[in-house]
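Engineer: Protein chains in written order, with my numbering: chain A, 34 to 150; chain B, 211 to 324.
No lab work stands behind these hints: they were computed from the structure.
Possibly wrong hints are sitting among the right ones.
[Said to hold, decoys possible] Output of the computed footprint for chain B on chain A, the stretches with three or more beta carbons under 8 Å from beta carbons of chain B:
| # | region |
| --- | --- |
| 1 | 52 to 61 |
| 2 | 78 to 88 |
[What the hints assert, rightly or not] In silico DSBU-like links for lysine-lysine, alpha-carbon gap of 30 Å or less:
| # | chain 1 | residue 1 | chain 2 | residue 2 |
| --- | --- | --- | --- | --- |
| 3 | A | Lys-88 | A | Lys-46 |
| 4 | B | Lys-279 | B | Lys-236 |
| 5 | B | Lys-236 | A | Lys-88 |
| 6 | B | Lys-236 | B | Lys-280 |
| 7 | A | Lys-51 | A | Lys-86 |
| 8 | A | Lys-104 | A | Lys-86 |
| 9 | A | Lys-36 | A | Lys-90 |
| 10 | B | Lys-266 | A | Lys-36 |
| 11 | A | Lys-90 | B | Lys-280 |
| 12 | A | Lys-90 | B | Lys-236 |
[To be verified] Ranges between beta-carbon positions, derived for each pair:
| # | chain 1 | residue 1 | chain 2 | residue 2 | range |
| --- | --- | --- | --- | --- | --- |
| 13 | B | Asn-248 | A | Arg-77 | 19 to 25 Å |
| 14 | B | Glu-263 | A | Gly-73 | 28 to 34 Å |
| 15 | A | Phe-53 | B | Glu-227 | 42 to 48 Å |
| 16 | B | Glu-225 | A | Ile-110 | 43 to 49 Å |
| 17 | B | Lys-236 | A | Tyr-43 | 34 to 40 Å |
| 18 | A | Glu-55 | B | Lys-279 | 38 to 44 Å |
| 19 | A | Glu-102 | B | Ala-288 | 45 to 51 Å |
| 20 | B | Val-254 | A | Asp-71 | 17 to 23 Å |
| 21 | B | Asp-276 | A | Lys-36 | 49 to 55 Å |
As the structure is a prediction and not an experimental result, all values here were calculated from the model.
Here a beta-carbon is modelled for each residue, glycine too, at the ideal position from N, C-alpha and C.
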Amino acid sequence: DVKVTQSSRYLVKRTGEKVFLECVQDMDHENMFWYRQDPGLGLRLIYFSYDVKMKEKGDIPEGYSVSREKKERFSLILESASTNQTSMYLCASSSHRIGADGTYEQYFGPGTRLTVT
Amino acid sequence: SQQGEEDPQALSIQEGENATMNCSYKTSINNLQWYRQNSGRGLVHLILIRSNEREKHSGRLRVTLDTSKKSSSLLITASRAADTASYFCATALSFSGNTGKLIFGQGTTLQVKP
Numbered sequence: 034d035v036k037v038t039q040s041s042r043y044l045v046k047r048t049g050e051k052v053f054l055e056c057v058q059d060m061d062h063e064n065m066f067w068y069r070q071d072p073g074l075g076l077r078l079i080y081f082s083y084d085v086k087m088k089e090k091g092d093i094p095e096g097y098s099v100s101r102e103k104k105e106r107f108s109l110i111l112e113s114a115s116t117n118q119t120s121m122y123l124c125a126s127s128s129h130r131i132g133a134d135g136t137y138e139q140y141f142g143p144g145t146r147l148t149v150t
Numbered sequence: 211s212q213q214g215e216e217d218p219q220a221l222s223i224q225e226g227e228n229a230t231m232n233c234s235y236k237t238s239i240n241n242l243q244w245y246r247q248n249s250g251r252g253l254v255h256l257i258l259i260r261s262n263e264r265e266k267h268s269g270r271l272r273v274t275l276d277t278s279k280k281s282s283s284l285l286i287t288a289s290r291a292a293d294t295a296s297y298f299c300a301t302a303l304s305f306s307g308n309t310g311k312l313i314f315g316q317g318t319t320l321q322v323k324p
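Chain A extracted, bound-state conformation:
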């Protein structure tokens, strides 16, 4: 079974703090993604990575950065947290490989609910 884990389920940080959200997957997936989810807005892609040390901006990268030093780990960094970054953050991974069961199925972690006060 694919497992995607996120470092925290709930996190409370103060405005201006540097925040690290960690995501680890155990299925040797090439692709990893960070989304934020807000009521009425669905899932919005922040950043994604299709290989170690490779990263691409998603739809809302402002205020965020990412790091992928190892294949299994993808970190989301809030350089200076602000109240408008209060949200649910979801990490996901997927394989390059086209298989009989599906192409680009994404496996999600449980999410981190971040509150910035």
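Based on the hints, put chain B in the right spot on chain A.
Structural biologist: Okay, now just chain B, sitting in the frame of chain A:
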């Protein structure tokens, strides 16, 4: 507007009834996927339908795809209270290459009353 738009935004039915959710998209796709999210949790993949397929079944789930209308529907038959969740469609665009990038809709919230 977004690539994937879902209709209705919210749906409330009685246990045993069927639930139908619709998804429309704008650009050419490789495949379309449906995911489920229980309250406060991550998403779980339900079913994938490729652009050259018209219908697919998995247990109580039936998905259709009409590429001429750029739309898909998810039917859950004989619904149960445990089906209460949010459902999202996601499209893999034809030009997304190996990045695996998906575009998610805003979701349909389904409530199944016992």
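Engineer: Please verify whether Lys-266/B and Lys-36/A have alpha carbons no more than 30 Å apart.
Structural biologist: holds (26 Å)
Engineer: Is the straight-line distance between the alpha-carbon of Lys-88/A and that of Lys-46/A 30 Å or less?
Structural biologist: holds (26 Å)
Engineer: Mind checking the alpha carbons of Lys-279/B and Lys-236/B for me, to see if they're no more than 30 Å apart?
Structural biologist: holds (9 Å)
Engineer: Taking the beta carbons of Glu-102/A and Ala-288/B, is their distance inside 45 to 51 Å?
Structural biologist: holds (48 Å)
Engineer: Straight-line Cα separation of Lys-90/A and Lys-280/B no greater than 30 Å?
Structural biologist: holds (26 Å)
Engineer: Lys-236/B and Lys-280/B: Cα distance at most 30 Å?
Structural biologist: Roughly 7 Å between the alpha carbons, so the hint for Lys-236/B and Lys-280/B holds.
Engineer: Regarding the pair Lys-51/A and Lys-86/A, is the alpha-carbon distance no greater than 30 Å?
Structural biologist: holds (21 Å)
Engineer: Is 43 to 49 Å respected by the C-beta to C-beta distance linking Glu-225/B and Ile-110/A?
Structural biologist: Cβ of Glu-225/B to Cβ of Ile-110/A: about 45 Å, so the range 43 to 49 Å holds.
Engineer: Is 49 to 55 Å right for how far apart the beta carbons of Asp-276/B and Lys-36/A are?
Structural biologist: At 35 Å between Cβs, range violated.
Engineer: Examine the region 52 to 61 of chain A: at least three residues should have C-beta closer than 8 Å to a C-beta of chain B.
Structural biologist: violated (count 0)
Engineer: Quick one: are Glu-55/A and Lys-279/B within 38 to 44 Å, going by C-beta?
Structural biologist: holds (42 Å)
Engineer: Is the hinted pair Lys-90/A and Lys-236/B satisfied, with a Cα-Cα distance of at most 30 Å?
Structural biologist: holds (21 Å)
Consistency with the previously given hints fails for numbers 1, 21, ordered from lowest to highest.
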